[in-house]
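Engineer: Take these sequences, add in the hints, and give me the full structure.
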Amino acid sequence: MKNNNNLINDSRPHDSAFKHVSGLAEYTDDIKEPEGTLFGAIGWSKKANAIIKKIDLNEVKKSVGVISVVTFSDIPGRNDVGPVFNGDPIFPEKKVEYYGQPLFAVAATSVELARKAVMKARISYQELESIITIKEALKKNNLLFKVRKIKKGNPTSKINKSKNILKGNFTTGSQEHFYLEGQVAFALPKEDNDLIVYSSTQHPSETQQIIAKMLNQKSNSITVLVRRIGGGFGGKETNFMTSSICALLAYKTRSPVKLRLDRDDDIIITGKRHEFYSDYEVGFDNEGLITGLKIKMASKCGMSPDLSYAINERALLHIDNAYFLSDIEVENYLCKTNTSTSTAFRGFGGNQGMMAIENIIDNIARHLKRDALEVRKKNFYQKNKKNITHYGMRLEDNVINEVFDNLVKKSDYKKRVLEIKKFNSKNNYQKKGIAITPVKFGISFTTIHLNQAGALVHVYTDGSIHLNHGGIEMGQGTHTKIAQLVASSFGLPYEKVKISSTNTSKVPNTSASAASSTTDLNGAAALNAVSKIKLNLEKFITTKYKIFHSKEPIYNNGYIIFGNRSFKFEKIIQEAYLNRVSLSSSGFYSTPKIKFNKKNFQGRPFYYFCYGAAVTEVTIDTLTGENIINRVDILHDAGNAINPAIELGQIEGGFVQGQGWLTIEEVNWNSKGQITTFSPSTYKIPAISDIPKKFNVEIYKDGINKENVVNKSKTTGEPPLMLAMSVFFAIKDAIASVGHYKITPILDAPATSEKILMSIKNLKARL
Amino acid sequence: MTSNTIEFIFNNKIHKISNPDPNETILNFIRLKLKKTGTKEGCAEGGCGACTIVLGELVDNNIQYKAINACIAFLPILNRKQLILVEDLISSDGKLHPVQNAMVKFHGSQCGFCTPGFIMSMFAMYKNNKSFNDEIINDSLSGNLCRCTGYRPIIDAAKSLNKINDNDEFTKFKKKIINLLKKIKLKNIEINKENKKYFAPSTILELKKVLKKNPDAKLLSGGTDLSLEITKSRKEIKKIIYLNSIKELDFIYTKKNEIEVGAGTSLLKFEKIIKKYYPDFNTILKRYGSVQIRNVGTIAGNIATASPIGDTLPILLSLDTKIILDGPKKREIIPLNKFFISYRKTKLKKGQFIYSVKIPIYKKNIFKAYKISKRFDDDISSVCGSFNIEINKNRIKKIRIAYGGMSEIPKRAKNAEKTLVNSTFSEKIFSKAIKNLDSDYKPIDDMRASKSYRMEIAKNLLMKCFLEVKNKKILRLN
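Top line first, the protein sequences correspond to chains A and B. If you're matching positions, the first sequence starts at 1 in the working numbering and goes up one per residue. If you're matching positions, the second sequence starts at 768 in the working numbering and goes up one per residue.
In short, the hints are calculated from the structure, not lab data. Heads up, a few of these hints could be off.
[As the list claims (entries may be wrong)] Listed below are the simulated DSBU-like cross-link pairs for lysine-lysine, each with C-alpha atoms no more than 30 Å apart in a straight line:
#1 A:LYS764 to B:LYS1199
#2 B:LYS1240 to A:LYS693
#3 B:LYS1199 to A:LYS426
#4 B:LYS862 to A:LYS761
#5 B:LYS800 to A:LYS120
#6 B:LYS999 to A:LYS62
#7 B:LYS862 to A:LYS496
Structural biologist: Rendered as structure tokens:
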């Protein structure tokens, strides 16, 4: 056991690992239902854009097992689940705006009967013309917000004066979250119209508020509990539809109601990642240094604002990735389309912004016939100059140059580039490609007030600790890491700390477990609570035992040590209790230093940055477009990791999820706005054979967070997803080899086999 | 003897259910009736593996452990099997099974929702193999999706099992389970629950009787497609005849020039035999679907479903396969290329069933097959191409080309074949044949591939086949 003066670095298993592998970990659908529990199902729109003429639910009501049916008229309060803006009606009254939009719901005696019942609805629509793609929306100027413009310097004149100019456009695709546990909620009515709601959500506090508003009740009448969720990735940050409808059914029937979407409904009803389209003009010198950039970024936001404004903002804040852009202008179009509302997804727009600039860098390098590695380095932020971002924030923790150089050596990049060129010159039908890409990702919610967290810690008289905080355990190991921090701070073995469900009645007004900052924020809040309890204890001990010690006591190995006096933790807790000392405390944390002016796009939106880099080598089959990843080398900065095994898991998992986004994961809508990829048979996330044949992942050894973050660690939540950018550009490199690197391939993401083959065909036609 | 009661082993005891609902999935039974919630529903179509359970089956006085998707298997098929759930792997003194231990040790779980499924697939792998290389691990786990880990720690956990002796409680209690399984006698099962009927005849004779009385019944072989009518379309299947209790349909006869495969033979069993004759057939079968699917799926099921994207069909077509149909009248043998009529319609008449599939063995021929899909594992083909060529003195004596995914039925490329047959084996003639594909097929656009891409790869696969033969070299990535 390390004492609290040391930083932790302990790869213990996930807190629930034993329960995961034995099937004993309880998820929302696993909670045993009391007798009389009803089961819900949602009936949804079959049109993408239409006036609702009539909803005939007679057959639904008559269907076997149906106890109750709810529509918009059953909602006593706010008929909207929009988290920031309105626009997400629970059940629309007059008009449907996407294929899959909920229209009504039933509660029946079994899941099967509820799902059968909803299929019996007869709904007549007056169809309107729907807008499905970004291009259609741009053409019709169908935007959710007015165009946002940000500008630094004078890009137009810089571009005009530059030696080289390139113009082009680029698309990155949508992505379905495909958390393995779908959306599910379980609502139990209590006295006074109170509700207890178990929900698979990343955001219990907002679930509570939205349900309260829907029922026209106060927040104090709704309690939301979450023990763990089976994956979130952003897809459970604002999706309050399921829990709200579940709560409404429970409210109306006065019975417990469980509502679990099946996979198809989940994918059809809920939002996905924003597709982005960019149109750019860039000026650069003969070494590839960017002198000016003008770019239009348009995103497919779906039918409502949801979090699109913040997501697009993060795209704008990451359009630089790791590059110093002296003169830049961005226009941002938030397109409204008749599709499910696009929502948060790991990376939150940052990845889309970064892909846009990486594609530009790649094209510059190809244009100049230089290795993209050199062009990237040329443009990197530096330590003492070129260190102010386009939003006016000074980089104080920049390690990208070090990480990059280190990885270039470690991965043997330069030698392999030569070997690959040799291989390609000898092989006609298989081509290899390689790419190295950097990641710089800003940490903090860009909506400043969200950067706060609370915790509640109790020490019981037997010396055991009860830990509660506002963060959600969704696989990222936040509970494990925070319990490690708490145990270490008390100088106790990990097993003494019991983590309990996240609960709005224990810790109020929490932010979503999102923006990679769950452990940073909640860990600090938990430590704040611990420090308050410790203060009580220390005051008691020093007074009672007349210790006049100027130095801080040490908590180690189950003892509290004041110089040469030591007290056994369990014993002194007993004593403290008998002397009426408070052994429980709430804790609070708010991130310092950050401020951001959204109007002029200036300030310090991020507390710190995460850095990393990846080298990927691929082989493509030029006859079929098939491809494999031969090798990936990653070096990622996790600061001083609390639990390196957990961080490694985040890095590898994030990479593979990003790989899926940029290669095989393709969301399709037909011209009528019906999503056609809504189950694992049609939507493919990476499976076991897709991962790199060689996968060398390392945490950057010199990493340390310069800011005062718990354990001097850096989060690994979202940033590793962007390491997968290297996969895309390695594929592009392999395609380029077909034309002997003379022509720049045209390739949009995701680089499916089809897109690769078509890109090769296009390239050959231009030879 | 006919009974409406199914019997299976659960927790080392015989468990009986009288008149079960034949439309109930095993997953719902486990979660709702047994109240065991370790087994999860991820997709209800056998596509994610979260519901993986293991069935112990008596084979040659030993127990074979089969991982299956509980979400698309019907309750009555538990009859005469041992049901093993993730919770059952913990030993009687509360210790984790070696497979579970490895997953903890190597950080194989993050959100934990897919974990029970992985545990069960890995458990079946552990019980059925002595050592575990990359190929066995990837094959065993390709039907389990994980969205958190990126699989590396799971692979490491599986690899670590190489150093662990197989002396778990399942080995300890094996004799007892074998004896219990033997106690459950083979009977004809006939269930009549509300308006739903289920038959599991134990002989062909009995099957014919049942079919005669119920010509409108759905034949259930693997059921990996049929079950979706319940789990996805939310329909009821009123009458089901389950074929896999009939031992006479589970066989593989290898003769000198031919392999005959019984309709009830699992794909997993078949792929092991066919590997010797047609390695590419084996490779494609491994990618046909996950172990969970191939443990129950059958070649006859794939034929009867007649999907244009069924992976075995173009292969069987190119091999001039014949099928034997049985039924009220005499057995008839028909060439497979005469069997498919239109989209998912075949010549199988009411009351008829597929008895077996006869695949010729061409020892001198070159046989090649390729599957192109968005994802390597467990995906449906965009295009599947199969080529069977007899070359004599650089002359193409006979050629069969068939594609899946190119038309509403799996079919042969007659025009391309015509160009190639009796020609000299040359790039020129292949280039000509490639152009014929435009007239052989009119593929469609869907979420898997566009029609232009489909045509492009169909052509390129023919060229790839030529190049591989010409250069005597395999040009593939995996």
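Engineer: To test your reading of the hints: which numbers does this structure violate?
Structural biologist: As far as the earlier hints go, only 4 is violated by this structure.
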